[in-house]
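Undergrad: Letter by letter, the chains look like this.
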Amino acid sequence: MASSLDVKNIRKDFPALHQEIYGKPLVYFDNAATTQKPRQVIERMIKYYEEENCNIHRGVHYLSQKATEAFENARRNIQQFINAKETHEIIFTKGTTDSVNLVKTSFGEEFLQAGDEVIVSVAEHHSNFVPWQVLSEKKNIPLRIIPVNDKGELIFEEFEKLLNEKTKLLAITHTSNTLGSIVDIKKFIDKAHEHDVVVLIDGAQAVMHKQLDVQELDCDFYCFSGHKMYAPMGGGILYGKEKLLEKMPPFQYGGEMVDQVTIKGTSFNELPFKFEAGTPNVEAILGLDEAIKYLQNIGFDNIAKYEKRLLDYATEKLLKIEGLRILGTSENKASLISFLIGDIHPYDAGTIIDKMGIAVRTGHHCAQPVLDHFEVPGTIRASMVFYNTFEEIDRLVEAIMQVKKMFE
Amino acid sequence: MASSLDVKNIRKDFPALHQEIYGKPLVYFDNAATTQKPRQVIERMIKYYEEENCNIHRGVHYLSQKATEAFENARRNIQQFINAKETHEIIFTKGTTDSVNLVKTSFGEEFLQAGDEVIVSVAEHHSNFVPWQVLSEKKNIPLRIIPVNDKGELIFEEFEKLLNEKTKLLAITHTSNTLGSIVDIKKFIDKAHEHDVVVLIDGAQAVMHKQLDVQELDCDFYCFSGHKMYAPMGGGILYGKEKLLEKMPPFQYGGEMVDQVTIKGTSFNELPFKFEAGTPNVEAILGLDEAIKYLQNIGFDNIAKYEKRLLDYATEKLLKIEGLRILGTSENKASLISFLIGDIHPYDAGTIIDKMGIAVRTGHHCAQPVLDHFEVPGTIRASMVFYNTFEEIDRLVEAIMQVKKMFE
Amino acid sequence: MSIQEKATQIEEEFSQFEDWMDKYNYLIELGKDLPLIDEKHKTKQNLISGCQSRVWLHAVYEDDKIQFTADSDAVITKGIAALLVRVFSDESPDSIINADTEFIDKIGLKEHLSPTRSNGLMSMIKQMKLYALAFKTKA
Amino acid sequence: MSIQEKATQIEEEFSQFEDWMDKYNYLIELGKDLPLIDEKHKTKQNLISGCQSRVWLHAVYEDDKIQFTADSDAVITKGIAALLVRVFSDESPDSIINADTEFIDKIGLKEHLSPTRSNGLMSMIKQMKLYALAFKTKA
Ligand SMILES: Cc1ncc(COP(=O)(O)O)c(C=O)c1O
Ligand SMILES: Cc1ncc(COP(=O)(O)O)c(C=O)c1O
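Residue numbers (our numbering), protein chains in the order written: chain A, 1 to 408; chain B, 1001 to 1408; chain C, 2001 to 2139; chain D, 3001 to 3139.
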């Protein structure tokens, strides 16, 4: 394990970072949308297709055996990575959205009744907001919304006020994709559990920045996506406590999730297969396994320290720009910055910043409710990870100065 | 376009075919489970991750634009490939199972009522059987089952008898994954439409063997998987007629499928995005696009002709083996053979055939109802495609002789 | 001037720019000349809501010609809207229905018309054609 | 003989085979020696249904020892079941609970014990240990 972070060498692992965009070296600051992949992950996928590709489970032949072993081994590694108690508490999904929808369907629609209440926060990504809103409308389950303060932090006291004996589920983000605020979820989970409230955490923006321990957190469900943590697209995780997963009905039907089928009726396979209908995306899961190894090899401490330095440097530099305003100013923040430049529209700013070779995201970041709260139509978001550099931040500052020159 | 099929050169495109298993060159006859990928497809994926990887849609920056264009371009190509009328009739899913479940949820649960009836066949893969069985139980919708004759063909006259004014949906396979029978679905579709019955076709085993035309067939839904047609895992297609898709509610919630979200309520995006929640698997779709190009380049006529020759050769050779019995003897058959060797258990046979370096599938092939019908616990299935050879069939025959020697 | 002539004129204007910055500066200027939609027509009904920027569009029909006015909250969107209004305004429904927006590609602004970019411009063009169709049927 | 001794004995028996075919032929032979489950115990309750093959398992407890009988519809599964029965039968609940199945790996049949292979053998081992546990608590 490297004792500190050698960004120059790390960048060599990421082929996509060495491109030119409009004749300028690419600066990739759209990591919260999706991360680039290290060659180790790409090579793992190639190896899979060149040497192992096979439909897994239940096959008696060599390749099937080998691919199944690799796949189930990945499940064990992911279990250890998040410190889940049981291997079968790791359910493979398409991504965070799929994971949340699974819980909405197999837990929410099944066990929540009219009159029960669900609590979310105003800072949720649509993927952890709309499913509950739809459930709320369909089953007449009031949706309670935790507000944020001016720094963009979930207000714990307001959450406490929303809690009552009707509350059955709390679904909140670990880290806001728009404001960057890291929520002290342990505090929310403990409080919720005092009232026997089941807790789902959207970890899509958290799990790549800091070592996770679901047993310590004691959350009931935890969701995340592979593609946001240096793994291929199309793979995600739902962690759920065995006790809950056991009693939930399947989400989709067909393939591996079935035990016995007769024209009279069907019995379902055990965990985790019960929730994994259809041919699984083996490639994406093996890639995720490899990505986790890659991160562990760099070391989560090193990553966290370096990303904090990037965040501090960028914050300082950006705040020096006249008229620039940062949304989300919690002390406990992931390395992403949402900002506005005076009255300049994010679309205008984004267009020019792009022309300068820098990929940032503009718009509502699939989190309209919290932008409504701050009364802005959108922001510019620069999200940085361990392969970004201080020089890249300087280039962003330059680009912003250019934007100001053109639109002010 | 090649005028006929040059298998020697084609095999060079498939790295996975050039492996040794137990010291013997691999014979891959498990193509109905999943196919191997040509290097063109693998290279497309690598290119994506090295040069284009990005979260698509709504991004204003260069990479996002480029990836979005490639993605939407793939949608247009797939539309043309199956001759759908509109681009937005192509919905990207995880695979066939996901596609069928989408229709089960957004059409079945929404528009079918207690007392309505659904017709499936006994030859369905679990993925097109269990969803309807579960719906049937949940909503009290009788499930009617089209039987097969001794050749393993769906009996059209029996289907006609099952049809009545209560029938609302017909969900049948285009090609049986266990028996190989190709269903004359046009006949079933026309008959069903006479009674205003909506028709879903499971094309998982059909679309890689023969050119498809959904407008000519006039089916209402058509489902297939990328990984069974030389494309990466994790991508599939639901084709649906605009008129039906328009009125169906979303399947999952979050991300791209949303239009406006407020804490008061949410409006949904238009087709096809309405059904595509969460970050899509761009890589899998670009890979599918490339796989289709690869197939078109060889030519579907060439593929069909060659695969027919393989099937005829294998059938002839296998039938010469004493005690060998083929399940599924329709004249109109895909290039796969399910068989039993005397009283030898498929597991025993499969284990030995594997040791001889040949990948076949044994067991119930996720199609238990039809095996119950034939009163066998499972079969051995060899499924062949255009990269297989006559010599490989000879090796299978040898392996079967070995099995007989050991167990008879 | 016909739609085609106006489009060619715009292509010529843009051909003088050597770098993207001059082009965008000119676009910003053009935005300022956009015949602005009357405040009273800036209604919810006339709003085209993209997820990146918003566009308002209004149309009047007189003497077999349509006159468009528009606005946007983003300056670049406004500049492109100005180009579209300039080309499509003062034209008959028929010529609008048959017109294409090739010139936008040619002057290197194609990316802003991507259907998935969601800045309101694609919907604006669609809306302009719908107006033309509606006025034609009425006429 | 202890479980460990029996396992070692099996390893020695298998070490004489040079190729897989001899090994499987021997396994087929062993299947024939499996103490077959009495037809009357071949009940649904004693059935372990894998999706590849099926296994029946029965257990009796006498003098602090468990005796297993079994059967399978597949010959190779039966051979491996025979090995498991030979090692685990005539042992005390405690030794069964603590035993492992390393010897199966060592003689190169590991693949048949893969939890996802679904031939009934993994569940058979689980079931043997559950019997041991049950008899122990009863004792
Ligand atoms: C006929 C048929 N339908 C459905 C499926 C399910 O496809 P998938 O596992 O890709 O969802 C398969 C393949 O396993 C199949 O052969
Ligand atoms: C906080 C948060 N939740 C959920 C999601 C949805 O993830 P995915 O699109 O991978 O399903 C995202 C990313 O877009 C996110 O940032």
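Hints may contain errors.
To give an idea of the chain B side of the interface with chain A (calculated C-beta under 10 Å), a few residues [claimed, not checked]:
no., residue
1, Ala1016
2, Pro1142
3, Pro1232
Using 20 Å as the maximum straight-line C-alpha spacing, the simulated SDA-like pairs for lysine to any residue come out as follows [stated by the list, open to error]:
no., chain 1, residue 1, chain 2, residue 2
4, B, Lys1012, A, Leu340
5, A, Lys139, B, Lys1012
6, A, Lys404, A, Asn332
7, B, Lys1008, A, Glu50
Incomplete in silico selection of chain A near chain C, CB under 7 Å [what the hints assert, rightly or not]:
no., residue
8, Gly342
9, His345
10, Tyr347
11, Asp348
12, Thr351
Read the hints as simulated data drawn from the structure, not as lab findings. Using N, Cα and C, we set each Cβ at its ideal position, and we do this for glycine too.
Undergrad: Against each hint, give a clear statement of whether it holds in the structure.
TA: Quick rundown of the hints versus the structure:
no.	hint	verdict
1	Ala1016	5 Å, holds
2	Pro1142	12 Å, violated
3	Pro1232	6 Å, holds
4	B:Lys1012 / A:Leu340	54 Å, violated
5	A:Lys139 / B:Lys1012	57 Å, violated
6	A:Lys404 / A:Asn332	29 Å, violated
7	B:Lys1008 / A:Glu50	18 Å, holds
8	Gly342	12 Å, violated
9	His345	4 Å, holds
10	Tyr347	4 Å, holds
11	Asp348	5 Å, holds
12	Thr351	5 Å, holds
Hints 2, 4, 5, 6, 8, counting from the list given before, are not met by this structure.
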